[in-house]
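**Student:** Each chain is listed here by its residues.
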Amino acid sequence: MKTVGLISQLIIPLFILFAILYGCAKKVRVYDCFVSGAKSGVGVVFRVFPYLLAIFVAVKAFQTSGAFEFAQVWLRGPLEFFHVPIDVVTIGLIKPLSGSASLGVFTNVVKTNGPDSLASLISAVIMGSAETTFYVLAVYLGAVGIKRTRYLVPVCVFADLVGIIIAITIVKFFFPFG
Amino acid sequence: MNTVWVLLIVISVLFSFLNGRLDAFTKSIFEGAKSAVEVSLFLLGIVSLWLGITKVIEDSGLIHHLSKFFQSFVRRLFRNIPPDHPAITSITLNFLANVFGLGNAATPLGIKAMQDLKTLHPGGETITFEMMVFIVVNTASIQLIPFTVIGILADYGSKDPAAIVLPTLLATFLSALFALGILFAIRRLLK
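Here the protein sequences come in this chain order: A and B.
Each residue of the first sequence is one higher than the one before, starting from 1 at the first, in our numbering.
Each residue of the second sequence is one higher than the one before, starting from 1001 at the first, in our numbering.
Just the calculated beta-carbon pair ranges, DEER-fashion:
1) 157(A) - 1159(B): 30 to 40 Å
2) 1024(B) - 12(A): 35 to 45 Å
3) 1005(B) - 71(A): 10 to 20 Å
4) 1020(B) - 174(A): 41 to 51 Å
5) 79(A) - 1159(B): 20 to 30 Å
6) 1123(B) - 75(A): 42 to 52 Å
Distance condition first, Cα-Cα at most 25 Å in a straight line; then the derived DSS-like pairs of lysine-lysine:
7) 27(A) - 39(A)
8) 26(A) - 39(A)
9) 1118(B) - 39(A)
10) 1159(B) - 111(A)
11) 172(A) - 111(A)
12) 1068(B) - 27(A)
13) 1118(B) - 147(A)
14) 1118(B) - 1191(B)
15) 1068(B) - 1118(B)
16) 147(A) - 1191(B)
17) 26(A) - 1068(B)
18) 1159(B) - 172(A)
One-sided and incomplete, this derived list gives chain A residues near chain B with beta-carbon spacing under 7 Å:
19) 11
20) 26
21) 52
22) 64
23) 65
24) 67
25) 140
26) 143
27) 155
28) 162
29) 171
Don't read these hints as lab results, they were simulated from the structure.
Even for Gly, the Cβ is constructed at its ideal location relative to N, Cα and C.
Make the full structure from the sequences, and use the hints.
**Tutor:** The structure is reproduced here in structure tokens:
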């Protein structure tokens, strides 16, 4: 745990230091080089912006519309049958859409259920093993102007769904609750 | 993406109407626009920063050494990328940033990787199989230690917050494997 934390802290400073010193050793004008590279970043972000805008507006609207609450009520029955806490679904639904929102929901789940409850543990594993899929798609596809995504989006959505089931199964296996 | 977007908007309007939250809907789209600007400003900073550093690595030739070092691993996943192509390096750096939980570095390096992949098929608006593999691995969130999650569990007095590390890693690994599995299976089916 501690070592990995330390490596994570060290990796960027060391990498940057090494990259710059290596550049100097190879007689590269490091400063001018950095600036010319950074200049291309401006174009990239401008190109990505409309895609981000589209996804953020849709996700925010979806969150406030109350569709989540509807899905929760609707799923309560089948979930109780499998002994899966309802909070898990909230995390599973919101994580692919928004990173900050899912963090808020997760904190709330831990607060209300206690950190060692089944709901918290499953949510924690989903938080750690799922990604904000639609944000990643918007940024990466937007950056290179891809319009036809073939079967990528269905695969991602389906994989997210299976990922949640995998997370639930693994937690139930690792932490046997009564 | 088109279908996803249309679905999200239509469902949102429908439910806002049913729940009597139409005013909240209007407010939320402006809020969404605002957070898109905030995130873009943030991206502007870190993407430019990392592209600057990447340029230094490129011009000094360091990038070639890095790509030679990591080639064997990434080339297994991406068989159609020529061995000396810069995409190998940017993909590897993005994966490494993900593994160490350096989200701020992972996104810019991922954008760079997408651009490098694009140079293999310039001008096309259709996604390539390599791009799909790359994105699927990225959406699997391969991370050694989920620090934020452990931090929150610890804050609320968990007995053993690090206990979720192994289950998380296993879940990530299995779902990534599964996603790649479907991707490769579909490609085989369509051939």
